[in-house]
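Enquirer: Listed below, chain by chain, are the residues.
4 protein chains.
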Amino acid sequence: MKRSEVVSLIQYGHTSISNLLFDYYAKLGLNEIEMVILLHIHRFIEDNDPFPTPEEIASRMSISTEECTSRLRSLIQKGYLSMEQNKKDDIVFESYQLDPLYERIVQEVMAPPETTQKEAEGHLY
Amino acid sequence: MKRSEVVSLIQYGHTSISNLLFDYYAKLGLNEIEMVILLHIHRFIEDNDPFPTPEEIASRMSISTEECTSRLRSLIQKGYLSMEQNKKDDIVFESYQLDPLYERIVQEVMAPPETTQKEAEGHLY
Amino acid sequence: MKRSEVVSLIQYGHTSISNLLFDYYAKLGLNEIEMVILLHIHRFIEDNDPFPTPEEIASRMSISTEECTSRLRSLIQKGYLSMEQNKKDDIVFESYQLDPLYERIVQEVMAPPETTQKEAEGHLY
Amino acid sequence: MKRSEVVSLIQYGHTSISNLLFDYYAKLGLNEIEMVILLHIHRFIEDNDPFPTPEEIASRMSISTEECTSRLRSLIQKGYLSMEQNKKDDIVFESYQLDPLYERIVQEVMAPPETTQKEAEGHLY
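Residue numbers (the numbering used here), protein chains in the order written: chain A, 8 to 132; chain B, 8 to 132; chain C, 8 to 132; chain D, 8 to 132.
Pulled out of the complex, with its shape left as it was, chain A reads as follows (with noise of 0.2 Å):
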């Protein structure tokens, strides 16, 4: 392989991604596609592309376009994503937000192990 295409492999770019997703997704009731959109929701956002739609989100995974729409929707309503109305120059735009989902692996670190041992109980009785 040629060297300069060595030096673009290497500079093809990453992305970081918090390792609070990883362990808690599942905690969230997440399944893998549902984490995989976000994280391609996420990669979007960091490349200016704030609104993706289902088709370009789609094409770089193994499910349809419906599926990924679909997805998408019971991702909003179940309150692990958002879209935000933007207005810049006087045009207004769409853009997604993933503070709902940091906001609920927050309140799932913070929440003090003896409450969840608690609740685990309660369940008991």
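Check the hints yourself; a few may be wrong.
No distinction is drawn between identical chains; accordingly, a pair holds when it is met within one copy or between any pair of copies.
Straight-line alpha carbon distances no greater than 25 Å define the calculated SDA-like cross-link-like pairs of lysine to any residue that follow [what the hints assert, rightly or not]:
1. K9 - S77
2. K95 - P57
3. K95 - D56
4. K34 - Q114
5. K95 - E53
6. K94 - P107
7. K34 - N55
8. K34 - S15
Derived from the structure by calculation, the hints contain no laboratory data.
Since the structure of chain A is provided, determine the placement of chains B, C and D on it from the hints.
Expert: For chains B, C and D alone, kept in the frame of chain A given last:
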């Protein structure tokens, strides 16, 4: 929230994932469950734990240990993951290697679809 | 270059650095040598080697071991870095902590410039 | 601290830096100021701002705009950084490229230590 808790959240750690993986896993025929298994293995390797059990991997996922075992076997059979025997101070231990995955991604990146098509046609005549 | 060499270069590893650090180190009064020492320590911690010697840090830098020792002392005295004694299986070992650095960054981010200004004025009277 | 502030801090963003850069910048003859300039340029490029001014770079650093200008010139002359003219919709714009830096790192990684030794000896006679 206390500032010390915030500081500990900020330092929770991040994992750098190559955008090559995000862009090419589906093209290589991997689905999202397989992709996330590989991400978790990547993280275990970085944490100096290069041979996590199916239980350990599945405990961070939405799938069962049995499904994880079966997926790992399939990833190895299909040539996306390999195992290696290492020896250190007379102790033999095994480790997962992601080299086959990146081998295939490099192969995919280097072969532009048009060229591949034309080359394929060229070989016919 | 052989494909196996390329694959090994691609997998060489990346370190995720918080943009908070890039944006605030100079505002906190750190210079580039101090900033890079903290980056190297961050990486040693991630590699499960939380108390590198000045020699080990300096070997990756353009400065001498003596300068590195003196900079480390200064970073601790100025409150950007701390050392902690840990005990595991009756063995005492030391580790560096970056908590003080992030404490100060959080403080800086949270303090709106106006407030800082007013507080500064307040101290004058 | 409010949870929304914490969530915004957690999402502040991270930059993935190749460990190749951390391990080889000093071996290549770069000092810490030059290394950090290259890190800042890397981040500007990732933020779709591939030709930051010396003012913009220096505003995040502990050095003056004049020193930054002079260091940039030196990095280009010594072959660690290059500028490229691009054309998009009839508009010409410039961008920094880190390819020369990675070219040299790859060269350094690939050079077997013996060769380096022999070359060094060669210079003595």
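Enquirer: Could you run down the list of hints and mark each one as holding or not?
Expert: Outcome of the hint check:
1. K9 - S77: neither (44 Å within a copy, 33 Å between copies)
2. K95 - P57: Both. Shortest intra-copy (14 Å) and inter-copy (23 Å) distances satisfy the 25 Å Cα cut-off.
3. K95 - D56: Both ways: K95 and D56 sit 15 Å apart in one copy and 19 Å across, limit 25 Å.
4. K34 - Q114: Classified as within: same-chain Cα gap 12 Å, cross-chain 31 Å, threshold 25 Å.
5. K95 - E53: Close inside one copy (18 Å) and across copies (22 Å); limit 25 Å.
6. K94 - P107: Classified as within: same-chain Cα gap 21 Å, cross-chain 39 Å, threshold 25 Å.
7. K34 - N55: Only across copies: K34 and N55 sit 24 Å apart there, 30 Å inside one copy, limit 25 Å.
8. K34 - S15: Only across copies: K34 and S15 sit 20 Å apart there, 38 Å inside one copy, limit 25 Å.
When each numbered hint is compared with the structure, a violation occurs for hint 1 only.
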